[in-house]
Amino acid sequence: MTVQFNIEYKAMFGEQIVVNIQTEEGELKLPLETTDGQRWACDWCVESPEKSYTYYYSVEREGRAVKTEWLIIKHQLDVNAKKAAAYTLYDHWKVMPEDAYLYSSAFTDCINHQAPQEMKPETGSKIVRLIVRAPQLRDGERLGVLGADKALGVWDVQKILPMTQHTYNEWVADIDATHLEGRHLEFKFVAFRNAKNELLWETSMNRTVDLPEMKAGELVSYELDQAFFALYNRKLAGTQVPVFSLRTRKSAGIGDFGDLKTMIDFVASTGQKVLQLLPINDTTITHTWTDSYPYSCISVFAIHPQYADLHALPELKDAKARAEAEKTRAELNALDKIDYEKVNDFKINYLRQIFNQEGEKMMKTAEYKAFFQDTELWLVPYAQYSYLRDKNGTADFNQWPDHQVWDEAERKALADPKTAAYKNVAFFYFVQFVLDRQMQEAHEHAKAKGVILKGDIPIGVNRNGCDVWTEPKYFNLNGQAGAPPDDFSANGQNWGFPTYNWFEMLKDGCQWWNRRFKNMARYFDAYRIDHVLGFFRIWEIPVHSVHGLLGQFAPALAMSREEIESYGLHFQEDRFTRPFITDWVLDRVFHERAGEVKEKYLDRLDDERYQMKPEVDTQRKVEALFADVTDEKELWLRDGLYALISDVLFVRDHTNPSVFHPRISAQLDFIYESLYDNDKAAFNRLYDDYFYRRNNQFWYQEAMKKLPKLVQATRMLVCAEDLGMVPDCVPWVMDELKILSLELQSMPKDPSVKFGHLSRNPYRSVCTISSHDMPTLRMWWDENIQRTQEYYNTMLYRQGPAPHPLPGWLASDIISRHLTSPSMLCILSIQDWLATDEALRLPDADAERINIPANPKHYWRYRMHLNIEDLAADKRFVQNITEMISQSGRC
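Each step along the sequence shown adds one to the number in the numbering used here, with nothing skipped, and position 775 is 775.
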């Protein structure tokens with residue numbers, strides 16, 4: 001049988017339209033032909049005439065695709081030789097729609113519960129097919145078509161022709177053309193519930209189609225413009241909480257996937273639709289509390305064993321071991337905070353007992369075999385890495401006596417249950433199988449409850465982790481990822497992660513990222529891109545630095561000597577790139593200890609300046625020298641030496657030392673203070689141009705090489721953390737790709753205001769009050785009394801002095817205002833929800849803090865102080881949240 005593709009597209013000279021058809025053998029590419037550069041067509045002889053195919057159109061130039069359609073929902077072709085022997089398709093080029101979020105699994109699977117169905121065959125000899133997208137339909141609603149022709153009901157609402165949703169949000173109806181009264185169709189689409197007593201007509205003029213002369217055995221398909229209905233945009237409320245912070249009566253000292261189900265039930269009971277989590281990836285490096293940092297994952301695929309719900313596993317048969325485990329579980333669960341080491345020792349020991357008891361049987365099941373087949377690509381290297389980490393007593397694979405990089409030749413033996421190599425790693429396979437099954441069950445539970453599970457994509461990976469060990473080509477190990485100075489840290493943030501080798505990643509179409517996102521879609525329907533700015537440019541810090549001040553954006557357009565001088569600044573290379581250390585600087589920094597610093601740590605450079613001695617000429621060397629020091633006065637001295645080393649006006653480019661970048665926040669340092677006023681003015685002009693204008697178009701192009709591939713890798717709803725030093729190009733890209741922004745009233749993106757106006761939030765945004773990196777609402781309220789007073793008077797429009805500490809009624813007022821913002825999602829931390837009830841919240845607000853970004857060795861151990869069961873049973877609290885959400889129109 002023959003399929004003819006037709007599409008209108010105004011091509012430029014030299015461009016070729018191609019249809020890309022997904023077949024069992026791979027992707028089939030067929031070039032279309034045109035006579036006028038606008039109408040394109042081609043024929044395809046189908047060898048398997050009773051199948052469904054997906055396809056998309058692309059634009060090629062010189063054999064290379066330069067543009068493709070929106071790929072989240074591709075064109076669907078349902079071929080059936082019993083229907084017709086010849087198909088003629090009239091398609092539209094699909095661009096990413098403004099309401100792309102409605103095609104995400106967050107809306108189709110969790111909120112609207114729209115599921116594709118199989119089409120029923122039409123028996124007529126001539127068939128007209130109508131295809132239309134209707135993403136606005138909600139739970140229980142269907143689409144139909146009604147028209148002037150007898151075959152379309154003659155506008156009788158009792159004779160609506162039901163349509164079939166053959167792919168997400170796309171509806172199709174086949175009409176027997178032998179019964180049509182003419183070749184002119186006039187019709188309209190209508191949404192209805194099954195009872196057909198609630199009709200909603202699309203808001204447009206009647207549609208018309210003029211049919212061609214048709215022969216028996218022919219099907220003509222029309223892909224029409226989207227149906228639009230007068231429905232308001234949905235706004236949803238939710239809670240953000242790390243899984244490890246959850247607490248139930250059944251917990252084992254840390255939140256687990258069983259507790260997650262209980263939390264989903266609580267969220268649903270209050271009318272909330274979103275539950276946002278922190279990363280759940282394995283972070284096991286040292287088996288100590290320093291592994292508690294959830295953004296330092298050793299694998300972007302593997303789940304942390306600490307989240308295993310022990311109650312969902314088979315019971316231990318040994319009565320003594322069972323009683324001992326229950327006693328330990330209860331003791332751990334009684335702790336106010338997480339004891340990371342005790343919890344993980346207990347859970348790993350328990351999982352090993354279950355593995356020894358049940359592992360062989362469970363790993364012979366069809367369910368396990370399917371899991372292994374789906375995950376083998378990453379699971380086998382991860383298991384081998386975990387085994388070698390524990391065997392060698394370190395995660396630093398450079399110190400291992402062998403296996404310092406993953407050997408693909410070992411995969412076969414590691415995947416064969418008959419080998420000794422398999423027996424070494426089988427436990428890690430088993431644990432990931434258990435975790436995958438439990439997290440998928442929680443995911444399905446959330447969908448059934450109408451709750452969107454929102455995950456988190458960390459921007460980096462641990463430099464000693466499995467991802468770097470397995471595929472080192474994707475990483476730059478001579479740099480450290482971090483963030484420039486901001487409200488969280490005056491010295492910038494140094495996360496220690498390697499930066500990405502985007503050149504290598506782009507060579508294979510970002511397959512590593514695609515695999516990562518698709519794996520995440522097993523468990524989530526929305527995600528937050530941690531530090532989305534890293535996809536435009538990352539703050540790359542030299543490996544010899546501790547702080548982030550000596551970093552530079554990578555990539556970035558560095559400045560030559562001539563460019564610097566074009567701003568009116570005479571470029572003194574040695575003076576501007578070497579640490580500026582003079583007697584007056586030392587007196588200002590070290591006071592009475594200035595002489596000691598000169599003697600111990602400095603050499604004279606010239607008549608004016610000093611230089612650091614070779615043994616302390618980098619921050620890492622200073623850090624090592626003071627590694628065992630705990631005395632506060634000596635640590636203060638160490639920090640002063642750090643400051644001396646970073647006191648430069650320019651840093652050399654990491655890849656080309658003959659070009660330079662202005663040092664971030666240099667205006668706060670002594671080298672800037674030493675400049676003449678006219679040089680300061682010239683540097684400020686240069687600085688502002690470099691950081692806010694020079695790289696905008698360049699960074700836009702960098703982001704558009706990467707983010708479109710990642711956004712379209714899955715149907716998850718894409719949100720981004722776009723805070724910090726945000727260049728103008730970031731909102732350009734986010735708007736183009738329909739990515740939800742993050743909006744905090746306390747950190748407005750408009751530099752002309754001190755606090756954001758909630759009413760100005762864009763619809764495609766997530767509104768929140770605090771995150772895991774910030775003080776909670778109660779902490780923020782007492783952090784700066786003057787700022788709070790201004791907020792109280794100018795934003796809450798209340799007179800008199802602001803009350804301290806924050807009373808529950810005022811917390812409710814602040815939350816209600818956020819809920820009524822235009823943002824699609826309003827997601828608040830569990831601590832901020834609890835702030836509304838003075839009887840429930842923790843007496844000590846400071847104990848609610850999850851993370852302090854300025855401290856890279858912070859212990860992540862916050863736990864809810866209440867059991868979720870008790871929280872759900874508190875009728876007053878539940879009713880208060882439910883009413884606030886309902887009154888705000890979030891449902």
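Hints listed in this document are in silico derivations from the structure and should not be mistaken for laboratory results.
Nothing here was measured: the structure is a model prediction, and the numbers come from that model.
Beta carbons are placed, not taken as given, at the ideal position from N, Cα and C, and that holds for glycine.
Honestly, I wouldn't trust all of these hints.
[To be verified] What follows is a list of derived Cβ distance ranges for each label pair:
1) L377 - D639: 19 to 27 Å
2) N855 - M747: 15 to 23 Å
3) Q117 - M12: 35 to 43 Å
**Study point:** Broken hints, by number
**Key:** 1
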